[in-house]
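J.: If you want the building blocks of each chain, they are given just below.
There are 2 protein chains.
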Amino acid sequence: MAHKPSIPKGTRDFNPEQVAKRNYIFETIQESFETFGFQPIETPSFENSETLMGKYGEEGDRLIFKILNSGDFLAKVNNTLYASKDSQKITTTISEKALRYDLTVPFARYVVQHQNDIEFPFKRYQMQPVWRADRPQKGRFREFYQCDADVVGSTSLWQEVEFIQLYDRVFTALKLPGVTIKINNRKLLSGIAEIIGASDKLIDFTVALDKLDKIGPEKVKAEMISKGILETSIAKLQPLFELSGDFNAQITALESILAQSEIGKAGIAELTFIHKAISELELETAALKLDVTLARGLNYYTGAIFEVAAPEGVQMGSIGGGGRYDDLTGIFGLKNMSGVGISFGLDRIYLVLEELNLFPETVSKTIDVLFINFGDAEALFSLKAIKQLRLQGIYAELYPDAAKMKKQMNHANKRNIPYVVLVGTEELTQNTFTLKNMKSGEQENLSLNSLIQKVKA
Amino acid sequence: MAHKPSIPKGTRDFNPEQVAKRNYIFETIQESFETFGFQPIETPSFENSETLMGKYGEEGDRLIFKILNSGDFLAKVNNTLYASKDSQKITTTISEKALRYDLTVPFARYVVQHQNDIEFPFKRYQMQPVWRADRPQKGRFREFYQCDADVVGSTSLWQEVEFIQLYDRVFTALKLPGVTIKINNRKLLSGIAEIIGASDKLIDFTVALDKLDKIGPEKVKAEMISKGILETSIAKLQPLFELSGDFNAQITALESILAQSEIGKAGIAELTFIHKAISELELETAALKLDVTLARGLNYYTGAIFEVAAPEGVQMGSIGGGGRYDDLTGIFGLKNMSGVGISFGLDRIYLVLEELNLFPETVSKTIDVLFINFGDAEALFSLKAIKQLRLQGIYAELYPDAAKMKKQMNHANKRNIPYVVLVGTEELTQNTFTLKNMKSGEQENLSLNSLIQKVKA
Numbered sequence: 001m002a003h004k005p006s007i008p009k010g011t012r013d014f015n016p017e018q019v020a021k022r023n024y025i026f027e028t029i030q031e032s033f034e035t036f037g038f039q040p041i042e043t044p045s046f047e048n049s050e051t052l053m054g055k056y057g058e059e060g061d062r063l064i065f066k067i068l069n070s071g072d073f074l075a076k077v078n079n080t081l082y083a084s085k086d087s088q089k090i091t092t093t094i095s096e097k098a099l100r101y102d103l104t105v106p107f108a109r110y111v112v113q114h115q116n117d118i119e120f121p122f123k124r125y126q127m128q129p130v131w132r133a134d135r136p137q138k139g140r141f142r143e144f145y146q147c148d149a150d151v152v153g154s155t156s157l158w159q160e161v162e163f164i165q166l167y168d169r170v171f172t173a174l175k176l177p178g179v180t181i182k183i184n185n186r187k188l189l190s191g192i193a194e195i196i197g198a199s200d201k202l203i204d205f206t207v208a209l210d211k212l213d214k215i216g217p218e219k220v221k222a223e224m225i226s227k228g229i230l231e232t233s234i235a236k237l238q239p240l241f242e243l244s245g246d247f248n249a250q251i252t253a254l255e256s257i258l259a260q261s262e263i264g265k266a267g268i269a270e271l272t273f274i275h276k277a278i279s280e281l282e283l284e285t286a287a288l289k290l291d292v293t294l295a296r297g298l299n300y301y302t303g304a305i306f307e308v309a310a311p312e313g314v315q316m317g318s319i320g321g322g323g324r325y326d327d328l329t330g331i332f333g334l335k336n337m338s339g340v341g342i343s344f345g346l347d348r349i350y351l352v353l354e355e356l357n358l359f360p361e362t363v364s365k366t367i368d369v370l371f372i373n374f375g376d377a378e379a380l381f382s383l384k385a386i387k388q389l390r391l392q393g394i395y396a397e398l399y400p401d402a403a404k405m406k407k408q409m410n411h412a413n414k415r416n417i418p419y420v421v422l423v424g425t426e427e428l429t430q431n432t433f434t435l436k437n438m439k440s441g442e443q444e445n446l447s448l449n450s451l452i453q454k455v456k457a
Numbered sequence: 001m002a003h004k005p006s007i008p009k010g011t012r013d014f015n016p017e018q019v020a021k022r023n024y025i026f027e028t029i030q031e032s033f034e035t036f037g038f039q040p041i042e043t044p045s046f047e048n049s050e051t052l053m054g055k056y057g058e059e060g061d062r063l064i065f066k067i068l069n070s071g072d073f074l075a076k077v078n079n080t081l082y083a084s085k086d087s088q089k090i091t092t093t094i095s096e097k098a099l100r101y102d103l104t105v106p107f108a109r110y111v112v113q114h115q116n117d118i119e120f121p122f123k124r125y126q127m128q129p130v131w132r133a134d135r136p137q138k139g140r141f142r143e144f145y146q147c148d149a150d151v152v153g154s155t156s157l158w159q160e161v162e163f164i165q166l167y168d169r170v171f172t173a174l175k176l177p178g179v180t181i182k183i184n185n186r187k188l189l190s191g192i193a194e195i196i197g198a199s200d201k202l203i204d205f206t207v208a209l210d211k212l213d214k215i216g217p218e219k220v221k222a223e224m225i226s227k228g229i230l231e232t233s234i235a236k237l238q239p240l241f242e243l244s245g246d247f248n249a250q251i252t253a254l255e256s257i258l259a260q261s262e263i264g265k266a267g268i269a270e271l272t273f274i275h276k277a278i279s280e281l282e283l284e285t286a287a288l289k290l291d292v293t294l295a296r297g298l299n300y301y302t303g304a305i306f307e308v309a310a311p312e313g314v315q316m317g318s319i320g321g322g323g324r325y326d327d328l329t330g331i332f333g334l335k336n337m338s339g340v341g342i343s344f345g346l347d348r349i350y351l352v353l354e355e356l357n358l359f360p361e362t363v364s365k366t367i368d369v370l371f372i373n374f375g376d377a378e379a380l381f382s383l384k385a386i387k388q389l390r391l392q393g394i395y396a397e398l399y400p401d402a403a404k405m406k407k408q409m410n411h412a413n414k415r416n417i418p419y420v421v422l423v424g425t426e427e428l429t430q431n432t433f434t435l436k437n438m439k440s441g442e443q444e445n446l447s448l449n450s451l452i453q454k455v456k457a
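Going down the list, the sequences are from chains F and S. Counting along the first sequence from 1, when you hit position 9 you're at 9 in this note's numbering, and nothing is skipped either side. Counting along the second sequence from 1, when you hit position 179 you're at 179 in this note's numbering, and nothing is skipped either side.
Incorrect hints may have been included.
Given that identical chains are not distinguished, each listed pair holds provided it fits within a single copy or across any two copies.
[Said to hold, decoys possible] The list that follows gives simulated cross-link-like pairs (lysine-lysine, PhoX-like), each with its CA atoms no further than 25 angstroms apart:
1) 384 with 175
2) 265 with 276
3) 384 with 182
4) 456 with 387
5) 221 with 201
6) 76 with 89
Worth flagging that the hints you see were computed from the coordinates, not collected in a lab.
Given these sequences and hints, build the entire structure.
T.: What follows is the structure, given as structure tokens:
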């Protein structure tokens, strides 16, 4: 191989500093998940294709990475099918496994498969990579991590309340102030569609409404008309386009719009319950905001819908989202299992923290002390000391070769190692260690015990 | 989907207890890696096929999971090739990416690709899953984790010494006594092959010798003869089959066998250096043992070869292995970059700890306290308290529904939750909490502060 090797587009290598920063985010999220009573599960990277296909719409099916069967996979393709040279049709015969597209469908599969071993309500979290054959762009990768927490087996709205607290706790712990937790409710959207006589066009309606922020009310109305929603119906929506004020003021306006819709009123009642509880419990740093245009792409939400926006001024898509789905496990044959969950977008949170320079300085840890190598006798003496340092929790290593002093010191500098220990003939004879502080340049001759105390402090 | 969903063979779901146990092993290994100065990197789950193919032999190529190209992948197959219906030949046209087969080749690719940003010697560790389309059996899966630590950029034998110490530290920390670290040296094997005039048959020779433990000397000799190694040559090996005594005694015997081989003597010198250093530094719980039959499958080792055996009495393949490879990055065009590394077999270590019942009891943590739900007013009051508990690092949650008391208590029992808090009308009025110890059955009425102190202790 003559040319420099590379990696597939949309994928990334992570160097030690990047891994440390990512782990900082993972650990912060994980700590909050566990404090809230969520327990970890893990599922395989690939699933049987039938588990994933048809669960994410046509677009989703296309973006799922398929794994080629092993061996002579074409032998199983019959001649008629083979003659068609139809990639899509032949795929199902030559590929029986596919890479996970998200964590929600594998979780639903897990719950159904292990339902007899699970104690419900089941609070689980999962932090694993997912893969999508999407066109890569800023903040969008072909391999990326999702961090999900879900509860299944209860319809209680207290869980929605808890998830809002959980978002608040994580972003507070990450010292990322000013995030907005947007909330909506699918029942409210259904109510509005009902009122304007477009219940059969709920999806078209919500997809159009979702764009209000981006394209403005006139274009949204035009899109609705193009989808066959009557102009007279859309006229009834005018108050919706003019919603303003705080949470309670918006709820009051919605109450009058939805006075004739049972499902709409149910949505309002849920939103009111959640908002009241959060007002009483108080958030630390995040803000809860009603956003009636919020629909999110996935059609399985049946109640609350969440989306988290980065602080104002940061150009970034949503950094989290979720909602309630009353029948997720139904696709695998288990009915009446309500679930609600949220997701954290690790990769986007990373980009936001990087842009705002919010990673703690101490996050990327190198070793505490490097022992300079002056030859085999000194090296052995040093390794005996290093063994003791390591037992005390100090990160320490010996420069592997008896290279020139300058080279070894440069190595320590380039790796930002705070201390260097010099063991020459004199130290070897006297059983001492010369400790050099790489920042101040200060040098001291110390016993092993003093060395340990000094480096630990 | 009518039938119960399942997962592909050779893959696994992990429930909360299993994840906790696996994380216990990961964290123990990681802590040791970092204490020894290794830094983490991560590489993508899939690589360009050309990066992986041809690096693991024919068998390896066959076992690599290939990913189907997106879109109309068959359009790129020309008619002649398509008419052949040759799965193997068509694969390279319809699949350009493949799942990682191990962590070593991606690491070599990483080093070459990022060589200008790396400060050498570079000590990296990597703990990520790998995938192999192997036939599943006990301790062998299609998706499993590898935990690797390697150093590149130095030929110093002190690194071999450090890796032996690292193995010892990890298995000591896991409280798994009695593991054997077997060591050999490729140069020693080359020397023996040279002495018996079979240098051109080094692979056949080592593959046969590797089976000595399993099939005995006569069958090993028969296999060597079948591979074209002369009987007179094999006769010279007799002392090898009779090696006995401790490390030094075996070295003395090998010195006489290899007196005429420069490369063989170099191997002996390396082994002696490493053994002497380890004797001086002392291992905590593991034993270092010379095993001249140890070759390991991979042909890139050029110096030391390691393999770790589980304690006697546990039926399990090797739980770790590694060695020195003087030219790993050569396959990607970067010459003269010596590397040495070791790997921990997470899944097998798990099975060993499980079999010997060595997981700490505290490893699988549930929540500390469950608040019983008596209705909305009590729930809100409880959540205010729970917020304070969580800020104090206590894992706490509210039962989501105001279900029957018995059902909620059963839930606490099934999850082994140690404490339950009861907040009824009385507690609500008096601003107190009734704490029940689920083990002793003892109940106390406490203030919020006392509750926190009690649960924390």
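J.: If a hint holds in the structure, say so; if it does not, say that too.
T.: Okay, the hints, checked on the actual structure:
For a Cα distance limit of 25 angstroms, the shortest separation of residue 384 from residue 175 across copies, 22 angstroms, qualifies, whereas the shortest one inside one copy, 42 angstroms, does not. For the identical chains of this complex, residue 265 and residue 276 are intra-copy neighbours only, at 16 angstroms inside a copy versus 80 angstroms across copies, given an alpha-carbon limit of 25 angstroms. In this assembly of identical chains, residue 384 and residue 182 lie within 25 angstroms of each other by CA distance solely across copies; the values are 22 angstroms between and 58 angstroms within a copy. Within a single copy, residue 456 and residue 387 get their C-alpha atoms as close as 15 angstroms, which meets the 25 angstroms cut-off; across copies the closest is 35 angstroms, which misses it.
Taking CA atoms no more than 25 angstroms apart as the test, residue 221 paired with residue 201 passes inside one copy only; the shortest distance there is 14 angstroms, against 79 angstroms between copies. For the identical chains of this complex, residue 76 and residue 89 are neighbours both inside a copy (13 angstroms) and across copies (16 angstroms), given an alpha-carbon limit of 25 angstroms.
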